[in-house]
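Could you build the full structure based on these sequences and the hints that come with them?
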Amino acid sequence: MDICGRVAAFSSLTSAHSIAPSFGTTRPVSLRGTMRLSVWCASDQTVKMTVSVTGATGFIGRRLVQRLQGDNHSVHVLTRSRSRAELIFPAREFPGIVIAEEVKWKDSIQSSNAVVNLAGLPISTRWSPEIKKEIKDSRIRVTSKVVDLINKSPQEARPAVLVSATAVGYYGTSETQIFDESSPSGSDYLAEVCREWEATAFTVNKDVRLALVRIGVVLGKDGGALAKMIPMFKMFAGGPLGSGQQWFSWIHLDDIVNLIYEALVNPSYKGVINGTAPNPVRLAEMCNQLGDVLGRPSWLPVPDFALKAVLGEGATVVLEGQRVVPAKAKELGFRFKYPYVKDALKTIL
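Using full-length UniProt numbering, the letters of the sequence shown map in sequence onto residues 1 to 349.
These are computed hints drawn from the structure, not numbers from a lab.
Here the structure is a predicted model, which means the values were calculated and not measured.
Heads up, some of the hints might be wrong.
Heads up, simulated PhoX-like pairs for lysine-lysine below, C-alpha to C-alpha not over 25 Å straight-line [said to hold, decoys possible]: (1) Lys270 / Lys337; (2) Lys104 / Lys132; (3) Lys206 / Lys48; (4) Lys330 / Lys270.
Simulated DEER-style distance windows between Cβ atoms [said to hold, decoys possible]: (5) Asn72 / Asn151: 26 to 32 Å; (6) Lys337 / Ser83: 31 to 37 Å; (7) Lys221 / Arg126: 22 to 28 Å; (8) Leu349 / Glu175: 24 to 30 Å; (9) Ser174 / Glu93: 42 to 48 Å; (10) Ala199 / Ser128: 21 to 27 Å; (11) Ser243 / Val47: 24 to 30 Å; (12) Phe202 / Lys133: 21 to 27 Å; (13) Glu102 / Pro339: 36 to 42 Å; (14) Lys133 / Leu349: 17 to 23 Å.
We put the beta carbon where it would ideally sit given N, CA and C, even for glycine.
Right, dumping it as structure tokens:
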């Protein structure tokens with residue numbers, strides 16, 4: 001039950017909470033004025049970026065760093081734990097990566113063209129008043145610090161773009177509504193967290209292009225929701241949580257990393273963008289598809305009362321859910337590699 005129950009944790013509120021490197025790099029060519037137009041074109045990779053990333057040691061952050069380095073961009077990992085960052089990004093595998101502890105964040109940001117903010121305490125735990133406070137504070141604190149450092153940077157050293165994570169929890173929960181970027185915020189605790197999180201990011205200097213990505217449940221092989229669900233299915237104990245009729249707004253790890261990457265390089269990506277696949281499913285269907293791919297049944301549901309016993313108030317995220325569609329990403333022409341959950345699961349597993 002504990003394993004299944006923590007599926008909720010992986011709405012994009014589940015980003016990692018560290019950041020990282022050491023430096024001495026010179027600031028690359030300016031991205032301001034007409035020069036910025038040539039650099040931020042998605043098809044033009046002749047000029048490389050320097051990107052500072054918070055939450056780089058998390059599930060999404062690790063893959064993003066790999067993608068950026070694979071395209072020969074420079075990466076500064078902004079972290080509060082150098083030892084953890086060095087463990088995840090060993091120098092032999094990530095040559096040239098800069099791991100910056102908090103006292104070095106200013107220097108790192110001022111030598112970067114772009115910043116990606118993914119930091120925040122995971123929500124995969126029973127919510128006590130103290131935990132709820134830290135879930136919110138961890139997001140507000142890091143976002144506020146990053147925005148403050150950007151705003152206080154001299155204009156010639158200020159990053160041109162900030163891509164900041166938020167979550168589909170912004171919309172609240174519903175079994176009947178369909179939410180896109182124009183939908184109002186919900187009234188529950190996670191909606192409140194997301195509103196304050198986003199409001200903090202919106203205080204960034206108006207010269208900086210801001211993209212806010214509301215991330216759904218991220219599916220990937222080495223972490224996130226599937227890492228919690230697969231063991232249960234392999235033991236023939238997998239199944240839907242609660243009624244199974246609640247909506248599951250998901251996205252493949254490769255697609256969310258590609259969406260963040262596109263937001264870095266494409267000047268059309270600004271404002272709020274939903275980071276979810278175009279075809280959300282009900283949780284019962286998600287579990288059926290997972291069972292089919294694994295060759296295991298998905299007949300054993302976890303009842304509401306059992307989930308509440310494990311997660312307390314946090315069980316609401318799993319038991320209610322929301323149906324979120326990526327209207328803005330589709331409008332911008334973003335191509336999802338995995339629009340259907342069955343194909344995503346087959347590829348992952």
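Hints and how they fare:
In summary, the hint linking Lys270 to Lys337 is supported, as the alpha carbons are separated by about 22 Å, within the 25 Å threshold. Under the criterion of a C-alpha separation no larger than 25 Å, the hint pairing Lys104 with Lys132 is inconsistent with the structure, at around 29 Å. Of the pairs offered as hints, the one joining Lys206 and Lys48 holds, with about 23 Å between alpha carbons and a cut-off of 25 Å not exceeded. With a CA separation close to 14 Å, the supplied pair Lys330 and Lys270 stays within the 25 Å bound.
One distance hint, 26 to 32 Å for the beta-carbon pair Asn72 and Asn151, holds here, with the actual separation near 29 Å. Between Lys337 and Ser83 the C-beta distance comes to about 34 Å, which sits within the given range of 31 to 37 Å. Judged by the Cβ atoms, the range 22 to 28 Å given for Lys221 and Arg126 holds: they are separated by roughly 27 Å. About 28 Å separates the C-beta atoms of Leu349 and Glu175, a value consistent with the hinted range of 24 to 30 Å.
A hinted range of 42 to 48 Å for the beta carbons of Ser174 and Glu93 is consistent with their spacing of about 44 Å. In this structure the supplied range 21 to 27 Å holds for Ala199 paired with Ser128, their Cβ-Cβ distance being about 25 Å. The hint said 24 to 30 Å for the Cβ distance between Ser243 and Val47, and at roughly 52 Å that hint is violated. Roughly 22 Å separates the CB atoms of Phe202 and Lys133, a value that falls within the hinted 21 to 27 Å.
A hinted range of 36 to 42 Å holds for the C-beta pair Glu102 and Pro339, which are about 39 Å apart. With their beta carbons about 37 Å apart, Lys133 and Leu349 fall outside the hinted range of 17 to 23 Å.
Hint check: violations occur at hints 2, 11 and 14; the rest are consistent with the structure.
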